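Novice: Sequence:
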Amino acid sequence: MAYKRLEEQLTKLEVQATNKEENKEIALGTSKLNYLDPRISVAWYVNVFEFKPIYLTHILPHPLARR
Numbered sequence: 001m002a003y004k005r006l007e008e009q010l011t012k013l014e015v016q017a018t019n020k021e022e023n024k025e026i027a028l029g030t031s032k033l034n035y036l037d038p039r040i041s042v043a044w045y046v047n048v049f050e051f052k053p054i055y056l057t058h059i060l061p062h063p064l065a066r067r
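Note that the UniProt record's numbering has the sequence shown beginning at 1, numbered continuously upward.
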């Protein structure tokens, strides 16, 4: 019984060691979103969506008020 349990533990540890070795170059605890450059996000947004700044009409002077 104890021998079988030790064998299972050994197998489990071998699998963990293999996984650790295979995933060395993969950052599992971080998100690539954290490293995304805001300039890239804005450039993508401008190309995909129509970019029109939104201004409130009560802030802008009325065109006829200048006459």
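Be careful, since some hints might not be right.
[Said to hold, decoys possible] Derived Cβ-Cβ restraints for the label pairs, each shown as a range:
#1 W44 to T11: 32 to 40 Å
#2 L6 to I26: 26 to 34 Å
#3 Y35 to V15: 29 to 37 Å
For the record, the hints were derived by calculation from the structure and aren't laboratory data. All figures in this text were calculated on a predicted structure; none of them were measured in a lab. C-beta: ideal position from N, C-alpha, C; glycine also.
Novice: For each hint, tell me whether it holds in the structure or not.
Specialist: Now the hints, each set against the structure:
A beta carbon spacing of about 46 Å between W44 and T11 contradicts the range 32 to 40 Å that was offered as a hint. Remark: the range hint 26 to 34 Å for L6 to I26 is upheld by a beta-carbon distance near 31 Å. Range check, Y35 to V15: about 30 Å between beta-carbon atoms, so the 29 to 37 Å window is met.
Checked against the numbered hints listed earlier, the structure breaks hint 1 alone; every other hint is satisfied.
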